[in-house]
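Novice: What follows is each chain in one-letter form.
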Amino acid sequence: MSAAPHLNAPPALTHFTTPLAQTPFHPRTEAANRLQGWAPWAGYMTATCFGDSTMEHTAIRNAATLYDISPMVKYRITGPDAVAYLNRLTLRDVGRLAVGQVHYTAWCDDQGKVMDDGTVFRLGPDDFRLCCQERHLPWLLDSAWGLDIRLRDETEDLAALALQGPVSATVLAQAGFDIQALKPFRMTTCPFDTGEVMISRTGFTGDLGYELWISPDLALPLWDHLMQAGALYGLMPVGSEAVMLARLEAGFITTGMDFVPVQHAVREDRARSPFEIGLDWMIAWDKGHFTGRRALMAERDGKSSQWALVGLDIPGNVSAEGAILYFDKRREAGFITAACWSPTLKRNIAIAQVEARYDSCDHLWVEIYALRELQYQKLMLPVTKTARPFFAPERRRATPPGRF
Amino acid sequence: MTYDALILGAGHNGLVTACYLARAGMKVLVIEKNDWVGGAAVSRELTPGFTYSNCSYVASLFRPEIMRDLELPRHGLQILPYEGGAVFQEGGGYLGMYRDHDANRREFARHSARDAEAYDVYSRDVLRYCRFIRPMLLRTPPDPARFRPRDIGELLFIGKQVSGLSERQIADMVRFWTMSISDYLDHYFESPVIKAYLAVSAIIGTALGPMSPGSAYVLLHHYMGDVDGNIGAWGFARGGMGSITKALSSSLQASGGEIRTGAPVARVLVKNGRSIGVVLENGDEIRAKRVISNMDVKRTMLKHVEERELPGDYVASVKKFKTRGSSGKLNIALDAAPKFAALPEGSPAIKGDLHFTDSIEKMERAYDDWKAGHFSRDPFQDVMIPTMIDPTMTPPGKHFMSCFVQYAPPKIGDLAEGGRDWTDADRDAFGEACLNQIERYAPGFRNLIRHVEIRTPRELEAEVGLTEGNIFQGELTFDQLLFNRPVPRYANYRTPVRDLWICGSSTHPGGGVMGAPGRNAASEILRDAKLSPKDMSDAWPVL
Amino acid sequence: MPGPSFDRDVIVIGAGPNGLACAHRLASKGRKVTLIEAEATPGGGIRALPDLAPGLTPSLAHLVWQIDPRVEAAMDLSRHGLTWEATDIPTTVIGRDGNLVIRGPLTEGPDAAAWKALYQRLLSFAAALEPFRRMAPPRLQAGGNSWARLAKNLIGIRALGTKDFRELLRVILINAHDVAQDELTDPRLRAALCFDAVLGAWAGPRSPNTLILLLDRLAGEIAGRKGALGLPKGGMPALAQAMTNAATAAGVSLRSNSRVSRISIADDRITGVILHSGETLVAPVVISAIGPKATILSLAGTEHFDTGLVTALRHQKSRGGTAKLHLALSARPDFRGADLRSRLLLAADEHEVETAFNPVKYGEVPDRPVMEIVIPTAFSGGTGPHLLSANVQFAPHAPKAGEDAAREAMLKACLARLEEAAPGISALITRAGILMPYDIERQFGMAGGNWHHGELAVEQMLFNRPIAPLSRYATPLKGLWLTGAGTHPGGMSGAAGRNAADAVLEAKA
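Protein chains in written order, with the numbering used here: chain G, -7 to 396; chain Z, 2 to 544; chain R, 1419 to 1927.
Excised from the complex, chain G in its bound form (with noise of 0.2 angstroms):
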């Protein structure tokens, strides 16, 4: 087991002028950015919006679009004990990925409570790929220890594209890409230029869509070559806002968003179990052991959860975000973690954490200030519990994909 020391290093020592990270793709995002509109994600400059919120938003549901997320961290895991370092690891089985498979996973610590969320690429029996939204390196190093396997972060190795919307699939084959046959959560390999791209059909959006993986230096092109093809179907990059609009939609949840990682909560009682944010149906109890498997069980057969993660609808159209839940409209009951109004589905939709006893979201009221002109007005509202996803239409599964 080894890990590459220098990796995130930088050629020069004057990374201090530029303390936000640049992607492969900036020459291409800084040009259509008409707003200049950029945030950090996880050390890169991330593009908010490139012009209109709303507009990229309806091309994700409506045409197709281009998201940079080669920010993701990726790790690269590779070796003969690659598979039993995965299961120790994480919650799911990897022993039953197939080869071009990806999963959606997460992993918790000792106690039980989640690290992160994220994605597992079965690149090959001894191959896979992990990709998720924080850094883990001492975590993953430290489960690795015993274990012949090979971890590399290969965050800067890997140029990421999300493209994503109805028309994702025909733009593809637009660009010359054989996805005809590609299943959900299935991932391919297509020559590109001089070398290749690999496509998953996976993304965050809860729509048709694909994500494609290439060397850095083929980045620029592939953007280009996709554009091309892309033009007459409306094609077009969207920043986080649009994006983070759609995957409440698809009701996805966001490390740092809707839960706070274990290993960054300062504050104990911050830190969730999988029961707790939802995800505790990924766990594969019979896999054999793996970290945080004792701490789960006891909590499932004790039904010691403290918290619920749900969806909610809200009357009305002012989105809820930030808002607190109260039972009865006087006892605090939780509080709301993400909330918009839905211009897919018409609705007001929100995610929130309760305490678990009120779980059932019975009697639960959601206090929203609404900043009209300089002034807060405080709306208090019955709040109805939603399942997620609260958007999910039939052709993001849809195999082959339609054409729009």
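Derived by calculation from the structure, the hints in this document are not laboratory data. What you are looking at is a predicted structure, and each value in this text was computed from that prediction instead of being measured. Worth double-checking, as some hints may not be accurate.
Taking lysine to aspartate or glutamate pairs in the EDC-like style, the calculated list, with each CA pair at most 16 angstroms apart, reads [stated by the list, open to error]: (1) 377(G) <-> 351(G); (2) 320(Z) <-> 1685(R); (3) 320(Z) <-> 1425(R); (4) 1450(R) <-> 1425(R); (5) 321(Z) <-> 1601(R); (6) 1818(R) <-> 362(Z); (7) 323(Z) <-> 1721(R); (8) 1735(R) <-> 5(Z); (9) 321(Z) <-> 1585(R); (10) 1581(R) <-> 314(Z); (11) 321(G) <-> 347(G); (12) 1735(R) <-> 187(Z); (13) 28(Z) <-> 362(Z); (14) 279(G) <-> 1686(R); (15) 279(G) <-> 1601(R); (16) 28(Z) <-> 5(Z); (17) 279(G) <-> 1425(R); (18) 412(Z) <-> 425(Z); (19) 1534(R) <-> 1601(R).
Please arrange chains Z and R on chain G, whose structure you already have, making use of the hints.
Specialist: Just chains Z and R now, kept in the frame of chain G:
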């Protein structure tokens, strides 16, 4: 005329006590042996046009509650956060520190990708310990041997703090408090230079090495402060550290208190077991209803109170109180900014703390020299150039450089023989070792020097009055912390002599320009005098 | 689902004093116990090592500081052949200007009164803390605690009286060096206090938290005698033999020459052990006395444990700082007239003890080591060749210069130091052997060569021994338990063995 309160020593804690007492309506006089106020928080012009923070040199611990209560910003105090820092490595490399999280991570990753990420978890863990300890700072420690309601109440308060934590975190915290910083860092980090950088705060001012158990606590002592709520951050006082005591003096005078400088005290007057005032060295007597000493407990009790006025046990305990000095200081006026060979042009690192000790082993070896009664041959230095940020301290383009040095023993020579006092030659040799070390990393530095002040524990004791030159007025080990500080039973700022109080860093929560001992002492004095501490706001809650 | 059937209740791995005490306790409570020992003879750190010369049988431990009174009573060791050469061995400090004899609280010279007062105060502190040795480490939060017992222990400490209670709170984490300097003037007494505080530790006497190590040592007793120093007739192996006799008499089945290669686990619980020979022994409970690191990281396998626990255990400090020197001497050595029926300390003052630790911090060998010498043959009145056994402080566990070079340098430094204390001794040496910490690790399986299978330091005591999640003898793996010096309270008094056995019995009940 009789004062309500006479404070001996115009250091920051003495002034804090004086301010609170004056605001509660007492007639207060502060007397100071030097011709200037400030104690160890001073700005001194020792060469024309150059202001030195010639003792303490950075601020973080000073309690914001005190700044607010005493309106120090209105009296001129400004705290400036500083940025960056660097550890220079043998062989020409360096480790830089940046305020920006990601720039800092990338910099750490040059040395170890693993450590760069482990740093986040490490910082989180240390922050947890800080959050635990901060509520204890502005409280009088309980006496665990007594069953008075207040002592029991304070013990319960601590118990409540503890019971708010998980079993796992309590165990972790006990480990942290009792460990050496070296062992503690080994749990997180692999890079020697990163470990060396992080160990710095665990040795500053202390007579411990980074491999001594208990040094991890000392690190916490340096991390538990904040600049504007950023726990662990440090800053400069604009105009030098004297700005803090200057603002305190101004606040004191605004509320009717008096300060008399150049008035060294000879003896505390005790009559029928009560202190009634002092006699100055010039023979003047000053009467007061209570005397509050900002001097360390040893100096107060062993030099200025007659032994027959004190119980034998108490004197024995005070004699056991450890005040071994371990630090020296160089204050340097520079004609231009030094150029550190390793730093790229424009690096903000030079605006922060600069170190030349790139491994824990080197730090520990420096400590071994101290144990053997020698100043460190290859010393550890914490070098800062406040004028990189603060334009008020020197003429434009010129700089003031503050070099805090470890280790410098209180006595020189064979310990089995007891050692001997420092001589001027020792002091100069010590200064040379420090200057040469800097010159190695900043060639040409020595040519920029216009003036140097070299201070060993001897100078610190002679001028500031710190016994054995200990900058904390007593070492920060568990046997001298909390209810053991300065001595068991008398951790409540009182002494066996009625109306004689202690308010300096010898008392809980200890050294650093914190003001907490002074405020806590004032709180006890006002409680005894049945006066309302109306201008003393409650300690702010930790959210 | 019917569980597998077992023909034994418990397997104990490692027949050192704690393994023996543990197995004995369980067998005497009616459990069917198999005790597995890798070596030919039981005893662990007190077993007989190969003869240095005919009739000169060394052992790693060469003195007894304490035997848990519960263990001593239950095993009835005197009935099983244990007799004492002495239980009140005096200490002779070989000083710069003459020797000083210390007999418990008694000594000579200007410090006699101060020493007596200090010694008795320390003894009373030790006695107040001692009850904690006889229980599993307290938990820090509700649940699983014996509150009555805990309260009783705390009341016992407060019963020292207000003054001593305050003093105990002051010195509980103090360093030995400061106490020596505060209370004593004779450098030899200071040396003795400092040496005994850091014997077996990876710390110099200036390190905070060292006085408590001395208190821990003084907390023990032998045959009802507090702060005793004992040597069994026939040497330390005789103690091992008596404990073995007691254990087998209680029904423990002892398997010597059997090395465990793997603890077998099925369905997240213990099923037994697999020996190097390939033989499988089944049992629902396995208690390992061979050290927490060896047990979890090697025998059971990290795949059965969470990453955080494994990492904490890997990082647990287990640096051995003591080397063991054995010399065969052709005749009685002369330590400037010292009575050889005493424990000889070669440490002139507190600084020498500290200075000997300095290089070890950097993986180097000290020029002037300090040492504790026992000449067992002098006690038995033998007239033939003599065995000199010495604990030498400090020695690096991972020397920078390489193991062989360090061993050679260490031996040289020891011999030079001995020659200085006992002029002419070099000429008497017929054979010399030294076990560096890494040799001790190899021969005795003690991680890092540390006597306690993990440093006995405050941050690794009580609820943090060996690490927090393993501190109450149980492990998260059902059926696997820990005992031995690596668990609370450390040492070879048998207390850890007894406590672990009680924890297993309690869990079953």
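Novice: Now, for every hint given, state plainly whether the structure supports it.
Specialist: For each hint, the structure was consulted:
no.	hint	verdict
1	377(G) <-> 351(G)	holds, 9 angstroms
2	320(Z) <-> 1685(R)	violated, 63 angstroms
3	320(Z) <-> 1425(R)	violated, 66 angstroms
4	1450(R) <-> 1425(R)	holds, 8 angstroms
5	321(Z) <-> 1601(R)	holds, 9 angstroms
6	1818(R) <-> 362(Z)	holds, 13 angstroms
7	323(Z) <-> 1721(R)	violated, 49 angstroms
8	1735(R) <-> 5(Z)	violated, 56 angstroms
9	321(Z) <-> 1585(R)	holds, 12 angstroms
10	1581(R) <-> 314(Z)	holds, 10 angstroms
11	321(G) <-> 347(G)	holds, 15 angstroms
12	1735(R) <-> 187(Z)	holds, 10 angstroms
13	28(Z) <-> 362(Z)	violated, 53 angstroms
14	279(G) <-> 1686(R)	holds, 11 angstroms
15	279(G) <-> 1601(R)	violated, 62 angstroms
16	28(Z) <-> 5(Z)	holds, 5 angstroms
17	279(G) <-> 1425(R)	violated, 30 angstroms
18	412(Z) <-> 425(Z)	holds, 13 angstroms
19	1534(R) <-> 1601(R)	holds, 11 angstroms
Consistency note: the structure conflicts with the earlier hints numbered 2, 3, 7, 8, 13, 15 and 17.
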